[in-house]
Each structure stands twice: as C-alpha cells, then as structure tokens.
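Novice: Following the hints, complete the assembly by docking chain C onto the known chain Y.
Protein chains: 2
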Amino acid sequence: MAARAGIVVTGTEVLSGIISDRNGPWLSERLREIGVDAAHIVVVGDRPEDLLAALRFLAGEGVDLIVTSGGLGPTADDLTAEIVARFQGRELELDGPLFDRIAAILRPLMTRWPDLDPKAVLRSNRKQALVPRGATVLEPVGTAPGLVVPPSPEGATGAEGPTVLVLPGPPRELQPMWRAAQETDAFRAAIAGATRFEWRIMRLFGIPESEIAESLLAAERDGLDLAPLEITTCLRRGEIEIATRYEAAAEPFYSRFAAFVRERHGDLLFSEDGSTIDAQVATLLDGPQTRTIATAESCTGGLLAARLTDRAGSSAYVRGGLVVYSNAAKVALAGVSEETLERVGAVSREVAEQLADGAIARLGSDVGVGITGVAGPGGGTPEKPVGLVWVSVALADGRRMTRRLNLPGDRADVRDRTTTVAMHMIRRVLLGQLDDPAEGGGGTPDEPAAGGAVG
Amino acid sequence: MAARAGIVVTGTEVLSGIISDRNGPWLSERLREIGVDAAHIVVVGDRPEDLLAALRFLAGEGVDLIVTSGGLGPTADDLTAEIVARFQGRELELDGPLFDRIAAILRPLMTRWPDLDPKAVLRSNRKQALVPRGATVLEPVGTAPGLVVPPSPEGATGAEGPTVLVLPGPPRELQPMWRAAQETDAFRAAIAGATRFEWRIMRLFGIPESEIAESLLAAERDGLDLAPLEITTCLRRGEIEIATRYEAAAEPFYSRFAAFVRERHGDLLFSEDGSTIDAQVATLLDGPQTRTIATAESCTGGLLAARLTDRAGSSAYVRGGLVVYSNAAKVALAGVSEETLERVGAVSREVAEQLADGAIARLGSDVGVGITGVAGPGGGTPEKPVGLVWVSVALADGRRMTRRLNLPGDRADVRDRTTTVAMHMIRRVLLGQLDDPAEGGGGTPDEPAAGGAVG
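Quick note, the sequences are listed as chains Y and C, same order.
For the first sequence, the residue numbers in the working numbering are 1 to 455.
For the second sequence, the residue numbers in the working numbering are 1 to 455.
There are no misleading hints in this set.
Which copy is meant is left open, so a pair is good if it fits within one copy or across any two.
Heads up, simulated SDA-like pairs for lysine to any residue below, C-alpha to C-alpha not over 25 angstroms straight-line:
id, residue 1, residue 2
1, 119, 211
2, 119, 231
3, 127, 108
4, 119, 227
5, 384, 311
No wet-lab data here; the hints were simulated from the structure.
This is chain Y alone, in the form it adopts within the complex:
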C-alpha cells in the first residue's frame, strides 16, 4: 500500500501567479518514484494562517508526509520554519553550530557586498539558524537549511500526525536537499509503510499520444497482463514518455510490456533507460572518436546552440554557431546564396541545407545543422504559414537529412519544438540513418503535430 503525502508550495508570488511553481510537480514525481502518492498540492501565500490551514487540511486528510517548499528566506514574510514548528508543537531553538556554518556561507557574500548592512545579515543568519526542537537539519545548499520535523504529542495533530519535510523554494536548493532528506531516519520513518516500487521510463518520438493509448489496448488484446503495472503516458516537448511504476515482483510483466512497445514502435522508441535525447546526442558526439557540431539558426535564434552547450563538457564537441536572423547575415555569415534567397525565399529546403553546409564550412565541424522557419506570430503567408520550419542536418561529406515541419502552438512552442526535432535528426544522422539519395534527399511529407516523425 502506497503512503500518501501532501505538498505545500508557499509564496505569494507563486499563489498570485507572478512566478510559476516548478517544485510541486517535481516533488510529486519524486514522491511517486519512492511509492508515495501525492493526494493534494496546496499553493498558499505568505500569510501564516493560510499556511497553517493548509497543514491542518492535509493532516486531516490523513497523509503520512507533508513536504513544504519555500518561505525559508531571510525576509520577514518567510515564516515556514516557525509555522511548521508551531504546527508540530516544537519550540524553535537557535542551533549554534548551524549559525556558524551559515555565517561561513555569508562571509564571502559580505566581502563581495561591502555596503551590505552587517546587522541585516546577522538577523537573517540568526533567523535561518532557528530549528524546531527535535527536528533533523538538512545542510544548506544556498543559505537556508532544510528541516525534517516529526510530529509530537504537543502538535496540532498529535504524535500520530504527519512528518513535515521543509525545503527551500529555489529548485537548485530544493532538489539536492530532497535527495539528502531521503537519507535521514526521520524521513524514512515517515514513509515506513510505503511499498518500494520500480520506476522505468521509455521515450518515443514521432507519434501522437493517442497512438500510445491504442498500443496499450492492443497489448491487452494480445493477452499481455498490464494489471501489475501502473502506466502513465504523457506528451512532453513533442516526445511521448511512458512512465511505469511496479513492485519488484512484477518485473517479468514489465519486460514483456517493454518488448511489446519495442516490437510495435521500433525506431520511434529512442530511449528505454530514461536517457534524454540531449544526453544521447552528447554521447554520440563525444564518443570514441569525437564528432564536432556547429549550427546556423534563423527562427530559433540560438536556442539550438544554447541547448547543445547546456551540458557540461559540451565544449569538447560544440564548435559554435551562427544566428543568422537577417537575410544579409545568412549571406555574409553562412554563405547562403542571394540568388537562392530571391528564388525560393529564406524559409525553404534550399536555404536550410545551405545553412547546414555553411555552419560546417565556417566552423570547420563534422556535423552542421541549418534551421529556417516562421516562428510567428507575424510573418505567415498561405504558402508559408506560421509553424512552417525547415531543418537540415548535414555531414561534412555532403550526406544529409532534411525535413519540413508544420508545428502547432505559439512562437515559444514553435521555437522549442524545432530544437527537439533537430536533436532527434542529429541523433539519426549520427547513427547513420540518412536520407536515401535515390529519394532525392528525403521526400518529406509534412510532419505530424506531435513534432515530427524523423527518418
């Protein structure tokens, strides 16, 4: 039986929609991985009584664990530690050693900010070193420590109430601290009843989500027993993710299911170990013999280069890129022919291919990617509507893959989805799955809305 948890996301700026919450969904997924079901995510402002009400509500729902994010900062409206202490009936005490460790973190900051008021810093230092008696401290990643606060007989819901895991708001601090919390006895005790689950992810690219729903039905028609598997599918940045949770004993059922998906979807299944397309492309470029890559982007304006260089160590294989937004830049920087631009226009197969070749020529790379399209909202025509994008991935020897995409969504969607399609095309080309020249460089039907079947 899965343990149940509630998540409380604090912060007026989240509640009021000023910033969108990334922690609630992230925590919900992490909980599911360890066999804990999130019953509710409650977003509250910085009003103490609202936070207290949310804690009471979740405790009343009988959850085993409450995870809070945010409200650990230095300012007066950061009250989570204090409220949780009160809710669990535990007094706040100054943790001397913790105070010193936080001071040590703040010191370099203060030298960097000569005109910082030392009193203000001391106040926030002291505030962040106040710990509910009996709570487990999670070492600060930023300046705020996290807390695992068990229930107590003096608590609002007594000794049988939920344990509260208190985490900071910035994802960069919250995520490592979540992992640290797993190691604490207090956390383990809270979810003691939780079944251990296996958690597997398969990723497919190039088919609509409805197709996967169809596959699940087909699997059962074929007599596969999916009952022991908890399967959720979702569409993410144009890729289909099949996440499956099951108890260790159900491993054979999962193996049969995975084999079925492999069999049925073949090439479209690009990841069985949860690895992302970004990781796979990096591995292919950074392989035994490194292959270097360069980009020439128009409508994506540098997003693909940014995505390729997002990974540590990418300097080993990313030569660089050209952002050729204006036609003049396409000609001057990427060597696109003016004649071609006049004849077929900037958004065309020819220009995408010349951009890819230009990237290789100008940056001396083994692989080149050319992108040109209409991201919108303006600039669309009946022949070249918003969402029309040409992507070409070329090798130095002239072999290539070129695709025309018709992407749905707004400007940001079109730009982001284009980088995803490009990443998958790069993977295919690096795996040697190129267009058949006989086919005339790849006959290219329009790509499906999901982001495009590649190859």
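Specialist: Frame of chain Y, contents of chain C only:
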C-alpha cells in the same frame, strides 16, 4: 476588505506533475485584478473524495468564491459538475435546450469521424447537459458548458457558503469562459463587497533580497507608514521585484514609498511600471530610430541571442549572433586576435571586448555584445574560477561598458544570470550610461552575487 477565493485545479496528470498547471496562476491573477484574494490553489486528482475534501477545506476557510478548473469532459472520471452539485446541495437536471446546443456542436465532429460510436457521443452529450438546479450556465467554448453554482440551504456549508464557478480545463476554453462569468449576476453577487485594489510592481537589479527587507525597515524608521500597503518582495532571475497592492485611498502612501525606494536605490531601480528588462531593451532598440544589435557569445552559447529573439518583432533590430565556443571560432568568426588569446586567455576583458567589436563588424550592427566566461562545472582555476564571466557591450563608435562578474550557482544559473546582467548592461549603454574612458573603460569591482550592480 477584499473578497477571498479558492482555486481547485483537478486532474491526475496535473497532480502527478506530468503536465504543469497554467490555470491556477492565470485565475489567481484575474482574481487579483478584480480585487479578490486567492487564499489557496489546491491541485487534486480525479478522486471524487479528494475534490470534495478540497471544496470543504476552502469553504471552511470562509472564501466567498471557489473556482474549479477541469473535470468537465465526457469521460467517467470527469466528475466536477456532479461533485459540485452535491456539495452545493443542488440536484442535477438535464437542460434540454443546452442538450440540443451541445448536440449541434457535436454533429460536425461526428461527420468528421464516421467511426465514432453514436451511443458514446449521446452519453457524453447528455452528461455535459446535466446542470445543478438553480445554477447559471456558461455557454460551451468547446463542448463542455461552465457553471456558476450558488450555495443553497441544503449545501454542505449552507446558504452562507461560497459560490462555485465551474470552468473547463483547457485554457483556450477556460479563459473566454472566465470573462463570460464576470457578466453573470450569480458571479457578481458572490464577490459583492470586493474592494478594488491598485497593483504596482517595481523592479530593481543589483542588490540582494535581504537589502530590500532592510529598506522596508528603514522606511518605517524614517516614519513612512507602510501599513496601508501590502508589499511582497521576490527574487527572480537575479532581479528583485517589489509588488504592492493597496486600496485607491492609499495612493499617497504608495507614492511616498516609491519615492523612498527611488531615493534609496537610485539607479538600481530600473522599472516602476512593472515593465521587464526584456521589454525595456526591446523598446530602446525598436525606438524612433531603430538600433540594431548583434552578439558574440562563448559560455552562454547562444542564450543571449535566443533571449533577444524571444520577442515577436525582434527581427526588426536583431541582426544575429555568433556562438564562438572554441578559440578557433573566436578568431575565425569574431576576429579575436590569436595573440590576445595566448597572452590573456579566452576569459578576459580583452576577449570580451574584441567579441563585442567583432559582432558589430561581422553583423553590421549598431550595438555588439561579447560574452566569455567559465560556466562550469569544469574549467575553473584559482585565477579564473567557475562563475567568472566577462561581458562587454559596445557601440559602433567604440564606446562601451565592460564588466567582470562572479556568479554563484550551477552551470545553468551562471549562463542564465549572465544573460540577465547583459540585458541590463545593454539597457545602460542604450541610455548612454557608458564607462568613463578616464576610468580606463570602467573600473570593475567584482559583481555581487545577485547578478551584479551594473554601472
């Protein structure tokens, strides 16, 4: 006194973090505009008892209005209308005319999918035409109608309970229906008594959040009465946002507070009208006489170009950019001198400035931005640690601003924060706030952790 509302977002996919919710924040902002405080946003799965528990919780908090999103679809797990009807003590009745209007919407659909099971369609048609007695129907945008369901003496919280506004999940249906709801008497009645609020946002760049907390205390020490103002501060991508809400009568208090912030933080206050740095830079470039811009990026790998081209219409002033990750590319594409690279290394003031000049020269722009740094996690040295970044913003006439940054955080933080600092430097340069040549191109103390005081 502000009316208070609760928001319930339904859907297992949202709860489990598979898809991220856009409706909660959107509704929260719309509510705030009409002077209604969102007390809580609760995300629940498709379990009826969880939805019911969320409604009870919010009603117990004494909210005047509950807005639900989702759960109005045709499938069995879409139960919102039924649960809300039960909660409000109102029976579901088939609305004949509504049934016919929905049927009219479904007809073309059925012709488009001939193999659609007519019985299934009839079922969902009927299901979506069931209306709680006494509720106000909001015409379907998709196939599902919205509902405004007032409390009743038979309801879980009696005649004094909250009104429930039931909206569909898809934002493109929810958003127009929200506007339609404003026009209904039932909705108006629910939030009668809502105070109209003013809402102002100030943005500062280059100071830590603790400094703002300090300023608020200082303001009160100076005898400013902040009591009539509801002030929240938050740190976003290295900028501080001060959001203040107040009743119209408190305008003079806000004026004094704004003047105090202006006085105390001067140049660091870059926005008093809520405009973002991206919008300000776009306005400055796209002004009466357009000024064009180009970039030459190393460690940010195209992120700045992508950020500049993120806005519709940016093709009017963005010439393009160079992503010069390798030294060879810095020389070949941006015209950085090999001698300089050997003498001072790639991460240096000189190279940043040559990159900015190279961007102008190669792309023929009025403004050039050069970025070079150590994004990490590898590549750091004692002299050039991870987080050290040089940014130079130059004009075609050779005037420029160059800064050295020491940025905290991981690779993604360093890269993102660098683009924010660069945007602020671009703004300064476009406003003519350049380095004093006498100063030797701008004496540059290390930049503070928050992202750097610029200028």
